[in-house]
Amino acid sequence: MLKRKLQHHEGEAAATAKPEEMKLDDARRVKVLSPGMLVYKRFIRNKLAIAGTIILVVMALFSIFGPMIVGYSQDQHFRRPEQMFMDWAQGSENRNDWNLYPADSSIKVSDYRIPLLNAVSKEKKSRSGLGADAAARYELPNGTVMQATDANGGAVELRVLNGVSNSYIASGELLVAIFEGEKLTFVHDSLNSPELIAELEALNAEITESAQVEISGEGYRALITEGKIRRLSLFLPDQPLLFMTLNAYLPLGGKDTAALAKDFVFISLAEESLAEYLTTFTYEDIEYTLDYSVPDVNLRDAVIGRNITLASDGLSDAAEEARLSMMEDETVAEFMYNTEKFRLLYDTEAERYHIERMNGNIIIPTTPEMREAYTEFLEGLEPGAQSDVFTWDGFEYRANIGRSDVTVLDAEGAAVMHISDLRFGALGAGMTLPNAFILQATEAYRADLTGFTVDMEAPLMEPKETERVVTDEFGNEIIETTIEMVAVLDEDGNPIIEVQEVEFLIRFSNELIYFQREETVVVLAMRGPPSKGHLLGTDVNGMDVLSRLMYGGRVSMTVGFAVIFIELLIGVIIGGIAGFYGGWVDNALMRFVDLFNSIPAWPMYIIIGSVLDALQTPATQRLFYLMALLGLLGWTGIARMVRGQILTLREQEFMVATEATGIRAGNRIFKHLVPNVMPLLIVSATMGLGEIILFESTLSFLGLGVKYPMASWGAMITQAEQMYIMRTCWFIWVPAGCLILLTVLGFNFVGDGLRDAFDPKMKR
Amino acid sequence: MTKFLIRRLIFGLIVILLGMMVVYTVIRSMPADYVKGMARRLVAGNQLLKFEDVYQQLLEDYGLDKGIIPGYAQWVGNAVQGKFGNSWHYNMPVTQKFSDVIWWSVLMSSISLILEVIICIPLGILAARKQYSKTDYGVTIFALITLSFPTFFLAAILKFVFALQLRWLPLVYLRSATHQFMTPMGKVVDIARHLIMPIITLAFVHVGALTRYTRTNMLDVLNTDYIRTARAKGLPEKVVINKHAFRNTLIPLVTYMSYLLPAIFTGAMITETMFSIPGIGKISFDAMIMGDIPFAMFYTLFIQLLTQLSLILADIMYAAVDPRVRVN
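One line per chain: the protein sequences are P and W, in this order.
For this note's numbering, add 188 to where a residue sits in the first sequence, where the first one is 1.
For this note's numbering, add 19 to where a residue sits in the second sequence, where the first one is 1.
Please note: incorrect hints may appear among the correct ones.
Computed list of lysine-lysine pairs in BS3-like fashion (alpha-carbon distance at most 25 Å, straight line) [claimed, not checked]:
#  : chain 1 : residue 1 : chain 2 : residue 2
1  : W       : K55       : W       : K102
2  : W       : K69       : W       : K85
3  : P       : K229      : P       : K219
4  : P       : K219      : P       : K235
5  : P       : K235      : W       : K153
6  : W       : K153      : W       : K257
7  : W       : K149      : W       : K262
8  : W       : K149      : W       : K257
9  : W       : K149      : P       : K229
10 : W       : K153      : P       : K229
11 : W       : K252      : W       : K262
12 : P       : K235      : W       : K149
Note that these hints are calculated values from the structure, not bench results.
Please read these numbers as outputs of a predicted model, since none were measured by experiment.
Bound-form chain W, shown alone (with noise of 0.2 Å):
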């Protein structure tokens, strides 16, 4: 288990460096104009630096004046010591300016998930027992539904529902103006009514997909000997159902969920910025728009991390829940 732990995590490492090989290649080609922006800002305010040192020391400092290769050697030896640097865009550390914003994104798509959990799962069990039946035809056809939604358009239609024409819930932000006048309750009431619909959109595209991963599995294992022998030993069908096809079912979502760890910290990007909810995604999007080289590279080393963490992890869990690979 160790060494296969251990193999896992070199691969995942050599995989990780030369995606962000990738990714900082890309970046690099973006024109320079940032660069030169930024150095006559910082000379601007200060009459003893000249515009040329400055600009010649921000691209050393990045390692830009290098190559590729060499720049990227340079980042990757700043990287391991935990030094990744000034986000241009934000004028503050990268690692600060990334924690200060990562918590909103966690919270909500926690609790969307929680909410995905809650509402999947029963349904997609339901849709199975019942295949072909009114029921199942209802829910394939409201998880494709949901699969199809573009969540800008969910967004837009929900901010115009209830926030315009209906005037129950806010329009955008995570606090509204007279938020630090309120009681501690009200203040949590407030912060909690500016997430239903970010919380709404974010649960709502992924309805379809574990609904119907749920139904597919069910499916698979109703039609399985062992339910069947259940079956025909005379047990109740709730008891079938919940004890035997359930626990069997929980196989493959829970790895299927494994994967979904990377989602939750990515954020979602359009919800957060159509909310103007300022949360990694809305903060990484503008960054990147921007070319801002430090936080991009972090915000995309973090990313790959956690997705080889995630398939680290997925394998771990199917160990975990089924005895049968553990032997193997």
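Same shape as in the complex, but just chain P (with noise of 0.2 Å):
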């Protein structure tokens, strides 16, 4: 009965009593957590662990997942199409060259053409011992002796001597006819008249000595061999032998311009008008009128004390930006004008500044009124003046005057012939120059200006993306996808062809003239700001940037974890080893460490990295080397940690009681002892990964580390250190910093978070 009242007794107050009541003391009142539970508590309630967590987490998602989401491979080159100045035609001053016109198909020009080119190279050379009476002399084969002297202009005259000639000229003698005896065997064709060959027999027939004979007024001259052999020959001063011309004739015309061009009566009669700057000039029956319109002069600086041209707008526009961007005590600068490199020059006595090109020539800048007033400056240039002088802000020019472009024109006042002293040469194969750009570059290398236009046909082109295989340095066969420019078709599958205004520019080179025209290359996406395609942008090699920087996280994290796998791998055996055994194995593997403490880290870094790229070691295995590398050097400080705390846990407690029973001692450091320093131990794995991120990014940034082609944060900063990137590019190097400064803060951290969860003594 009992029983039951307290059976139901216990079921009422179980049934009756509220769950939260327990007794104070109750056990279930303390909720007993493991170890490794507290240590998580610990750390998720510290704000910076979760931080650095939440980092690492996502540098960890960026670098290994980013890549298959963005598609760009590691070393993948990036093109575009880019307007560029390309070399197109090719131009010389005609000052040297001589065109030879032979009066006669039976005159061989290449008798003539070595002694006087001699004549006038050796001219040149000795230009400064001539003076009026001084000249040099020389004899062609055919007996005609000429004089070069000086002429204004940079030109050689040559003045035949034995005969009345204008210069150029070179009159002489024409063989008319050979006798044998009294047989005739050679008559010069234009004379090959039965009545003129009469003339001839009985010319010959009144010959009886050997002499040099003037048979009659009209120069006929015979001279007489001995033997058998006479030679009859025409003394002709007016009857032109050889022309030479120093102009470059561009016909303007139809068919009968072109044949006017290779007319050397017409040259002849030209070039004498030039020379004398004369306005006009008569042939068969045609008068033509010269045009002296592009006067070609040479300005000269009194203050640079040189030979100056004038800059185009454009030049212009960069010099000044160039200038502005100068440093207060900066005299010189440098700055790339359409793909060439100038010099800025500030004269601080003259208070000026001007522009020098590589090849030294001085260009001054210019503005739009300046060049309006020199433009009206060469207008009012006096035909056959010599030289003028050119004011202009304060500033004088001394113009050298020489001999000036013309253009022919006939009684109509139609352009026929184009004559200058330039000669142009087109540089692709099978072009012809079109008229309309000889005359426009013409203007514009004598008007000294740096560009010009022209309104040209050319086909339409497009960009079209093209996929090719290419193999890279290492054999591997990569697919590039590159930019090819295409010609545009109609429907017939023909290019279609318009007008259009090309731009040109003028450069100089070794004498010769360049005629460079935009055309639009396929070249490297260098350096391009971000866009759709590339978040980053491109950098100096036309990589993505982006890209880069996700497998640059996956190298420094791979560098990272196995360099630390390392580390800890040889750490702890030898600490743990030192530690355990004490007395004399401790003393030799501490020396042992001692050592390797003593060997300096960074001049090892540096020394072994010089010796690898004296090697040439392939970038793949140089990360081999370099994580190999790193971990052999920093393995004492993990060694000397766990070797302190094993020499303090071996004397606690729980390991007397482990060695009373009996455990191995393998049993006893890898089940006892190293559990218990793991916490130490990863506290130090993550600085250290922190640490070793540092060091590889830092090998990288001075070329030591993970090299080109593979990506590496530290290296995509080492591309910052040349001025113009550090100034304009930031998208190339400062996201890589940023990335390198998280990922390291992110690790610091989450170490210091580990530290305080497994160490509560810190706390209060």
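Dock chain one against chain two, each of which comes alone in its own frame, and use the hints as you go.
Next comes the structure, spelled out in structure tokens:
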């Protein structure tokens, strides 16, 4: 009965008892967590540690999965079409190049060419020694004696002495007939008519002895040699034998004018008129007018003391920009304009600046007003004047006027021929230069412009994306997306040609003039700003920055973990053995550790880096060596710490217990000691990871670590060492540095949090 | 004490010898093209010399024709007499080039060290006193950020902001172009202006470590019994901190700073390279990259000597500052 009552009571009590009512010393009140859970809870309470973990997770995702999303490979080069000026045609001043026109097909030009060229080049070389009287004489194979004198404008005048002739025209003897005895064995084509032959035979009969005989007033001369051969030749002072011209003739009309350009009589008349600055001449009953449009003016600056040219508008703008970005105490600056390098020099005394081409030519910057004034000055030059003074802004420029370019107009005023001493040649095979180009180019060159535009016909081109397979330097085949320029075709498949205004630039090299045409060239997309396809732009090698950041993250993390693994492996083993066995083993191992410690880390990295450079190891192998090296030089800290920790733990009671119960040494180390060392190891490993990432990025920055084409954050910052990149392409280097900072910071936060979590003694 | 010192010195020497051998072995694996280039250069200027003879002479002089151990022995023999040879890269005696450039590094590092001490120690103490407050948080974050900053990135950012964008400070080099025309005072100011950014860079990276170390030690000290006694005695907090806690914090701090002694002389390679300051860091970096064996050997020897010295110094300082150690 009582039992049932008690049970009933208990049941009632149990049914009505409130669940919270427990005794105050009930063990269920205390939540017992495992040590791991305790650490975990302390860790997540630490806000910095959480932040660090988030950073690391984001980094890991970014590096590992990023490339799959973005889709570019590590070393993929990108190209883009760019407007660049490429050499298209070539020009040279014709002062040395003589065109020889024989008056007669029987005259071999080659006989005369070399002596003439020699004469001219000798003349030019010994220019300084020649005065008005001193002159060089040259004798041609046919007996003509010429005298070379210095003409103005840099030309050499060859005057034929033994005869009346004009400059540039050599007259001489024309072989008329050869008689062997009484038999006529040769007669010149132009005299090959029966009457003339009869005259010649009569002449022959009259000559009785060897002599140089002047037969008649017309200057027949008989050269009689010994023996039976008798040569009869005409001495025709007015008949040109050879005609040499320094100028280039560009026919401007139809077929007739082209024929004129080869007519040496026309040419000789034109040359004569040019030499004397005449304005008209008559040929074959047509009066031609000479239009001296573009003078060849050499400007000389008294202050700088050298010949100068005027800059084009584009060049002046670029120079002004460079000047504004010069530091206050700088007097020299370099800048690029249209792929050519120029140097800006500021003359503090004269308080102005001028531009120098890399070949030494001086260019002065201009304003539109100055160009106008200069054009007016050019137009106002007197033909035949030799020099003049052009003043602007208080500075005087002495202008030496050479011969000018001339347009020959016919009676109606239509342009027939263009004469200048500029000779042009196309640089492409089979290309002919359009007349419009030649005219514009000449004008621009004479006006000292650095650029001009021409309306020309050209096929329409467009960029097209193509894929091709290339092998890189390691023998791998990679697919490269590249862009090619192809012609736009119409319905019949023919390329569309249209008239475009083409811009040309003039540049100089080795006394040759190059005309550059703006063409669309496909180049590496270097230093491109952030755009849709490349969220952080492209770097100096045309590779996508964002992808390289991701791959760089992979490299950094791989290196970090691998090195830490090596360090932990070696450090724990050595430190564990030293700490556990103590005595002489400890001593010996610690001396060994000291030895490794004393090897200076940075010099070793640098030296080994340069050795690897010298041996030219491939990039992936270098990575392995780098990781091994970093691990081998860094394990000492961990070994020391493990040893110290084990030394303290060894004296604790639980270790004495393990020894007493006879557990094997191996078990004692790895099952009892090491787990207690783990917290410290984990903290060191985490902080160490951050340090290693810093080391690796510093080494890559110095060029000794991860090498191109593998991506590394440190290596991407190396590019910022160039001033231009640092200033304008922030997207190349700033993100990389921020990523290094964030990653290391993340590791440090986590390590710090772990340390606090493992060691509650630090808390109150 | 003396016995201890002598033992440490001898031991230090042995460590140095072995360490240098490791370095020497690594350097010898460099290909011999540099020596050939040197020989070629010497022959080019002089008609009487033959390339083969000069090459052989150079090899003998620097012990490169022998194996590694005999070559090293030869170097040690020369080093003991103080003959370190001529630097290949700089064409002057190694010791002379060294003494030319080292003082700039010493200057920069000393000033940065002073800066660090002035900033870190008060900051660390402050953080320790106000543990878990916002100040502590802020200081910890600041310290960790400076720890994580890559030196070269910091230098690049400083250059970008102060030299390129704001134009307050000069970009590189020790002196500006018009240095020789300045008054003596102007010259000093000029050099000072050029050194501002490098010194900031140098100091910035070490600030974090020192602050944290100070904070940790201060925390340890503040949790001890004798501080609790001092507070219980009713001493004002200022006296507790400045008179009792601070001195005890100094003990590990001073020994820690002794380890920084080699760092002063090794210079900051990166900083000097980024700012083109001709200090020992940059000069030795250039030499080592070019395979200049005499210079590299002398430089690593110097560092090792300093490291050992600093270890001994740390022990001595520890004994000097903490009377308990002296008794033992």
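Here is what the structure says about each hint:
1. W:K55 / W:K102: 23 Å, holds
2. W:K69 / W:K85: 22 Å, holds
3. P:K229 / P:K219: Given pair K229 (chain P), K219 (chain P) holds - Cα atoms ~13 Å apart, limit 25 Å.
4. P:K219 / P:K235: At roughly 24 Å apart (the allowed maximum being 25 Å), K235 (chain P) and K219 (chain P) satisfy the hint.
5. P:K235 / W:K153: 12 Å, holds
6. W:K153 / W:K257: OK: K153 (chain W) and K257 (chain W) at ~21 Å, within 25 Å.
7. W:K149 / W:K262: OK: K149 (chain W) and K262 (chain W) at ~18 Å, within 25 Å.
8. W:K149 / W:K257: Distance of about 14 Å is within 25 Å: holds.
9. W:K149 / P:K229: Holds - the C-alpha atoms of K229 (chain P) and K149 (chain W) are around 24 Å apart, at most 25 Å.
10. W:K153 / P:K229: 22 Å, holds
11. W:K252 / W:K262: 14 Å, holds
12. P:K235 / W:K149: 18 Å, holds
Violation of the numbered hints given earlier is absent; every hint is satisfied by the structure.
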